[in-house]
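Colleague: Protein sequence lines correspond, in order, to chains A and B. The working numbering numbers the first residue of the first sequence as 559 and each following residue consecutively. The working numbering numbers the first residue of the second sequence as 5 and each following residue consecutively.
FYI, nobody ran anything at the bench for these hints, they're computed from the structure. These figures come from a predicted structure and were not determined experimentally. Hints are supplied without guarantee of correctness; some may be wrong.
To be verified - Simulated restraints, written as ranges between beta carbons of each label pair:
| id | chain 1 | residue 1 | chain 2 | residue 2 | range |
| --- | --- | --- | --- | --- | --- |
| 1 | A | P583 | B | N156 | 52 to 60 angstroms |
| 2 | A | K620 | B | K210 | 37 to 45 angstroms |
| 3 | B | R138 | A | S586 | 15 to 23 angstroms |
| 4 | B | Q178 | A | D616 | 19 to 27 angstroms |
We treat Cβ as the ideally placed atom computed from N, Cα and C, and that holds for glycine.
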Amino acid sequence: MSEIADKVKKIVVEHLGVDESKVTPDASFIDDLGADSLDTVELVMAFEEAFSVEIPEDAAEKITTVKDAIDYIEKQKAA
Amino acid sequence: MFRLDGKVALVTGASGGIGREIVRALHAQGATVVLSGTRQAVLEEVAASIGAEGGADRLHVCPADLSDATAADALVAAAEEKAGAPLAILVNNAGLTRDTLAIRMKDEDWSRVLDVDLAAPFRLCRAALKGMLRRRAGRIINIASVVGVTGNAGQANYAAAKAGMIGMGKSLAQEAGSRGVTVNTLAPGFIQTAMTDVLPEAQKEKLVGSIPLGRMGQPGDIAPAVVYLASDEAGWVTGATLHVNGGMAMV
Chain A
559 MSEIADKVKK IVVEHLGVDE SKVTPDASFI DDLGADSLDT VELVMAFEEA FSVEIPEDAA
619 EKITTVKDAI DYIEKQKAA
Chain B
5 MFRLDGKVAL VTGASGGIGR EIVRALHAQG ATVVLSGTRQ AVLEEVAASI GAEGGADRLH
65 VCPADLSDAT AADALVAAAE EKAGAPLAIL VNNAGLTRDT LAIRMKDEDW SRVLDVDLAA
125 PFRLCRAALK GMLRRRAGRI INIASVVGVT GNAGQANYAA AKAGMIGMGK SLAQEAGSRG
185 VTVNTLAPGF IQTAMTDVLP EAQKEKLVGS IPLGRMGQPG DIAPAVVYLA SDEAGWVTGA
245 TLHVNGGMAM V
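Bound-form chain B, shown alone:
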């Protein structure tokens, strides 16, 4: 079950903590994976480390700065060229935060997060859908966040982008359903990555206290859920938001 042999997947934010585990998991299921991100050297490193265990020819690196609209528009085609086959799976995982309380939040904190975390995924979905609809096949998985549903003090911009992603995904799922293309959202809870390492220790303790499963998540807790949503077996799941958060928010 859940094999992805012969399928091309594009993963954005592939150098990040969650992204690299998603790449590893999709690749392990047989997919050809194109890694995107802003830092080419780190992407090469991730690809080399995963490829060292075998299947290095199924890993490709395709850097892009998603804050640049043109780059986002061009990424799907560039990834397909690198992989030499049309895209079957798009994982919008790239994202950034600019946390601060709303009264201190600058317009540029707001727009940068909305641009990279919401507008860029839309552009990638748009570009990917054109081919997927024609081929009558495709899987889009957008990585949102639990805070898109619950909100979080200091993250008005990030929570808005992630909530937007959920609404966007549901709309796209309705548009693409008749062609067998599914669009789903995965909402991780608090995962131990560089993004959450910056949180104050006291806040982290409080967070863990609110998680029934009693620990922060690891990137490896998220990747298998992506594999499932990308698989043929998930063919009747669309417009869904899969929460993987240790029970922190049961929504």
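Chain A extracted, bound-state conformation:
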């Protein structure tokens, strides 16, 4: 697992207070991890801070799973 994936997972675990084993790549923040809309906004802000990236509103809306977040951040970091 990449360093970014690791860090994303850690942030999700910390923020949503879920068990690490539940934070699989396909896990949906809202459907599988019990997040509400405010949690997803807070998660995106936590990602922005942790990775020093900016995630615009339209991109943030598309980040619904753990993998979405990892992919987006990896792409930003590679660019």
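Since the structure of chain A is provided, determine the placement of chain B on it from the hints.
Modeller: Using the frame of chain A, we list chain B on its own:
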């Protein structure tokens, strides 16, 4: 009831007439209070006079010029550092007026009032909410004005800012409700302070005539309402506008 022991409160405009009474009341209930305003010396004086009655270690001074967006953004963190604990209560009390009839109102009269009276409170709410939502606790009390609901000739800018504050508070209350954070508005009527001392005597007489309780308010009439909204006991009150105006406008 209404004890605030162990809670950190930030009060803006703490050197003003209403602000210093709010500080005094929150402090008397046991809160640690951070006083903000533009005039450091006056803030120190207010803190010293309140602290002289005891609990001086629960008073901190943290000046900021809220017309500066960066300063407003940084104030919550600065206050938490001074107090040494996260913010539990935010009281957006700072405000200024630039009264004149609309046809004479300059753009800068408009934007300065909107900046300090509406944009700055928003910035402070935004900064405070980040931590409050995470901690699942917090109280935000925005001090608006009766004129935000009734309007007032010569105050198009101030009334717009205060009405905006009410709408903002209701929106924030909906956003923060699921985390147990409440956001309420307190709308004072005409209170005897430096801000209203400048009104012409004839206008003041007319004003008092329109107040069923027959007098202008005192800063001490407002502070207890802030204590209530800041308390645990007000945990099921959010998005509300509490009018404290001697009955001048029953809305």
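Colleague: If a hint holds in the structure, say so; if it doesn't, say that too.
Modeller: The hints, checked one at a time:
no. : hint                                   : in the structure
1   : A/P583 with B/N156: 52 to 60 angstroms : holds, 58 angstroms
2   : A/K620 with B/K210: 37 to 45 angstroms : violated, 59 angstroms
3   : B/R138 with A/S586: 15 to 23 angstroms : holds, 22 angstroms
4   : B/Q178 with A/D616: 19 to 27 angstroms : holds, 23 angstroms
Figure legend: structure checked against the earlier numbered hints; the only hint not met is number 2.
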